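Q: Given next are the chains, with one letter for each unit.
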Amino acid sequence: MTPCTVTTGFFTLGKCGVMAVAGCPACGRPLCASHITESGLCPECAAARNQVGHPAAAAAYRRRAHRHRTAAQYQDAGWYAGFDSYDRAAFDPGAGAQQDYLDDGNDALVDS
Amino acid sequence: MADGHRAAYLAFDRFPSSKGSAVHIRHMAAELFDRYDGGLLCVLGGGGLPAYQREGNVEIVRFDAVVPNLLDRAEAFSAWAAEQLAPHRDSLELCHVRDPWGALPALDTGARLVYEANGLPSIELPYAWPLAAPTTLGKIRELERHCLTEAAAVVVPSYVIRRAVIDRGAAPDSVHLVPNGADPAPAGVPRPEAAPGRYLIYVGALQPWQGVDVLLRAFARLADLTDLSLVVCSSVSANRARPLRRLAERLEIADRVRWHHMLPHAQVAAWLTHAELSVAPLTATPRNLEQGCSPIKVWESMAAGTAVVASDLPVIREVLGDLGRLVPPDRPAELARAIRVMLEYPDACRDLGRRARRHIEDGFTWHHARNRLAAVYETVAGH
Ligand SMILES: [Zn+2]
Ligand SMILES: [Zn+2]
Numbered sequence: 001m002t003p004c005t006v007t008t009g010f011f012t013l014g015k016c017g018v019m020a021v022a023g024c025p026a027c028g029r030p031l032c033a034s035h036i037t038e039s040g041l042c043p044e045c046a047a048a049r050n051q052v053g054h055p056a057a058a059a060a061y062r063r064r065a066h067r068h069r070t071a072a073q074y075q076d077a078g079w080y081a082g083f084d085s086y087d088r089a090a091f092d093p094g095a096g097a098q099q100d101y102l103d104d105g106n107d108a109l110v111d112s
Numbered sequence: 001m002a003d004g005h006r007a008a009y010l011a012f013d014r015f016p017s018s019k020g021s022a023v024h025i026r027h028m029a030a031e032l033f034d035r036y037d038g039g040l041l042c043v044l045g046g047g048g049l050p051a052y053q054r055e056g057n058v059e060i061v062r063f064d065a066v067v068p069n070l071l072d073r074a075e076a077f078s079a080w081a082a083e084q085l086a087p088h089r090d091s092l093e094l095c096h097v098r099d100p101w102g103a104l105p106a107l108d109t110g111a112r113l114v115y116e117a118n119g120l121p122s123i124e125l126p127y128a129w130p131l132a133a134p135t136t137l138g139k140i141r142e143l144e145r146h147c148l149t150e151a152a153a154v155v156v157p158s159y160v161i162r163r164a165v166i167d168r169g170a171a172p173d174s175v176h177l178v179p180n181g182a183d184p185a186p187a188g189v190p191r192p193e194a195a196p197g198r199y200l201i202y203v204g205a206l207q208p209w210q211g212v213d214v215l216l217r218a219f220a221r222l223a224d225l226t227d228l229s230l231v232v233c234s235s236v237s238a239n240r241a242r243p244l245r246r247l248a249e250r251l252e253i254a255d256r257v258r259w260h261h262m263l264p265h266a267q268v269a270a271w272l273t274h275a276e277l278s279v280a281p282l283t284a285t286p287r288n289l290e291q292g293c294s295p296i297k298v299w300e301s302m303a304a305g306t307a308v309v310a311s312d313l314p315v316i317r318e319v320l321g322d323l324g325r326l327v328p329p330d331r332p333a334e335l336a337r338a339i340r341v342m343l344e345y346p347d348a349c350r351d352l353g354r355r356a357r358r359h360i361e362d363g364f365t366w367h368h369a370r371n372r373l374a375a376v377y378e379t380v381a382g383h
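Residue numbers (UniProt numbering), protein chains in the order written: chain A, 1 to 112; chain B, 1 to 383.
To be clear, the hints were calculated from the coordinates, so they are not data collected in a lab. Keep in mind the model is a prediction, meaning the values are calculated, not measured. Among these hints, one or two may not hold up.
The calculated label-pair distances, taken between Cβ atoms and stated as ranges, are [stated by the list, open to error]:
hint : chain 1 : residue 1 : chain 2 : residue 2 : range
1    : A       : Phe11     : B       : Asp312    : 32 to 38 angstroms
2    : B       : Gly56     : A       : Cys27     : 20 to 26 angstroms
3    : A       : Cys27     : B       : Ala65     : 15 to 21 angstroms
For every residue, glycine included, the Cβ atom is placed at its ideal position computed from N, Cα and C.
In isolation and in its complexed conformation, chain B is listed as follows (with noise of 0.2 angstroms):
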């Protein structure tokens, strides 16, 4: 480290936090500065995350300054980063990103890039921002693929990302796939003190393309199973789950959905392991179906033993295979009588559970997921 670092991770993402980001660069990360003994964290901070932390041969450095319009805040991240990775020009061998914002200062730096595309803004974007155009969108596009053709490697966690990032000029043989890991939930892991009786659960956000709209309506379907109630623990505040508890209320059903907020993985761990189900129910979006996402509840529900039902789509497909109740997407009714199957088939559940538990404890660990990752770095430093 006496000449600076060798490598950067890059995100333009807060961490730590409760997002499943957070678990994903938590692992690629360490697996980085583990090879490279330490190096540098460009992330984002605020919400009284320290600007600076030194930890043994890690330094992480976070952007905090208030920028209002995104685009200018992005803009406002990678000339940050530029700075934070100058000092360490000489000796940076490999700068690891999750997006053009930070891709473009590492490509800046003559450091082999690791691109790893979880999903893309040019896709992603007018989910949150509406009023993007087109032709606005393009732009993001072309700078897309910069990055991509740019990079030394592409890591994708799901096939169907892989063939987003190729249309958008990642050469075939530089795409790599990383499959989201997860720990299986400790052996005994105790009941929460607060859990209901019988429980379904959701673990995540709650953007409309999660669908907890689809699964509140599902389980107003399901009113006559008066001993069980809906757990959802939002990996974001209680003011973003406002329009969805006003769902709740509309349906009638508030009084048997509990929700929590942004708690510690360690506690979500728990409620996951001693629910009857774990409900995945992500619609049809383009956002889903091109893009792509590798659901990290869906692996964590697997980890924890936990039945999974989830959306028919490619992307879920790939994760859960045949060890969890698939059911098409967007559809309440439909979705409520899987649950209803299931929750009549207690034995069959748990067996499937442990069945997913093993499916991770075999190959899809976060140690997996590392050690494939290490795979890439291994390719790239050979170059």
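Pulled out of the complex, with its shape left as it was, chain A reads as follows (with noise of 0.2 angstroms):
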């Protein structure tokens, strides 16, 4: 048996690991019955292509021109371009204080 190896669960992840019925056309992955989605691509391969089986996804794809024109009203608004290159210098890679505190990737902004 070929197990499903769809990526599943909240808070702790694991794979799927029920029976795969199919491969994903994009990726490869095997897959379970009820993880092909509509396109029959795996979930991730559906998303990244706006095509998720599912009908708000379905009404984000009609409305894409709708979707640019936010991006672009709140890229507007301005909050960010009140950062000019002096602000942002200082959160370069090499900026931060302890590069071992940092090494994650992680930021760790908010960690208690």
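Using the hints, build the complex out of the two chains.
A: Following this line, the structure appears as structure tokens:
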């Protein structure tokens, strides 16, 4: 039996493991019946192509123009435009105090 | 869900991960999604986490673009999150965020905003990024002010940070206290096989303000207790422990300190349960004093029934009250003395641990925290 290798879980992640019935045509991973999306792709590949067999996502696909407009408006709102190159330079990878504390690529901004 | 999600939770944090913040996100997001029949979770990915997951009515999307500069990354995350939220604009009723980077796109949707302030970038960032100029931090502070002012509710884990968010423009009656929680370790959890005879334990991350160096120096003063070990359950990788390991070598205690990195949560609970004492040596930095935090390590030690020795800071007093031993921060000799005294009275220690555990069971499990959060959602939805 070939197990389905789609990652599942919320806090503790694991592989689905249910018997695979097909492979994803895009990435080749084995898929069980419940992890094949309407397009035949695995959920990740389908999401990357905006085809997540999901009504909301389908609507998202139709509203693509609207979405781009939103992103543009958001940029225009200007919060990030307020940061100039001087502000940004302090947050370059080499500018951290203790690289030993930062090298996970995990900035631990708020961790107790 | 047919018409899009009604709720979204956004965090500029990797999820899941071995950090305390991930435990927090897990419970808060679960409450949100329970109340709104699912929803959209926008978090950071990388490290092999899938970019997209669907778990029942919950969709999880992860930002995994590699953007080296932190501010650029935050900006890219905001733009990405705006795109994720856009298809749900018409149906979104509530967005729950943890930082300004998620709050900006969430506010843009018009949904009500619940801003969970566990920390403030304007206070937190300079610790990791010392070159950040005061003018830059001023801009970030303005950004925080904007988000906190616009939020329908601000959720804080402690009174200390409550003051900090009000100071930044949050309306006092919009600020709600939801202390962190912890779930009591299951009874009879077995002793870890690798556990040394008697050991002190530290659980958490290793940033300088955590004070692990103070603990190592204190431990060096207990060299005469030859059967005593120190176990460090680090929530971050071994790489980040290098400076502290070098310190342990210099202090000639390296052979008595055991390091574990990024252990699953359930294993950490076992280590906590069988420790003599749990130590939370937070330092008296402005980060801990002004912004505060709600140290999950203290909550979890209490839930494990293990007595806690911790720095005497307002945030710790708030959690521990008289159910642990408080010592002046940043003072290895005082910390060592307190540990020694407690080890001499194991019965009193066990009693303290039992009382702490009961205190958690009676009012501060994650179930309690979720109920408090639910009440906040109720208030926000009713407006
Ligand atoms: Zn695929
Ligand atoms: Zn499957």
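Q: Look at each hint and say if it fits the structure.
A: Each hint, compared with the structure:
1. A:Phe11 / B:Asp312: 32 to 38 angstroms: Given a distance of about 33 angstroms, which is inside 32 to 38 angstroms, the answer is holds.
2. B:Gly56 / A:Cys27: 20 to 26 angstroms: holds (23 angstroms)
3. A:Cys27 / B:Ala65: 15 to 21 angstroms: Since the Cβ atoms of A:Cys27 and B:Ala65 sit about 19 angstroms apart, the hinted range of 15 to 21 angstroms holds.
In this structure, none of the earlier numbered hints is contradicted; all agree with it.
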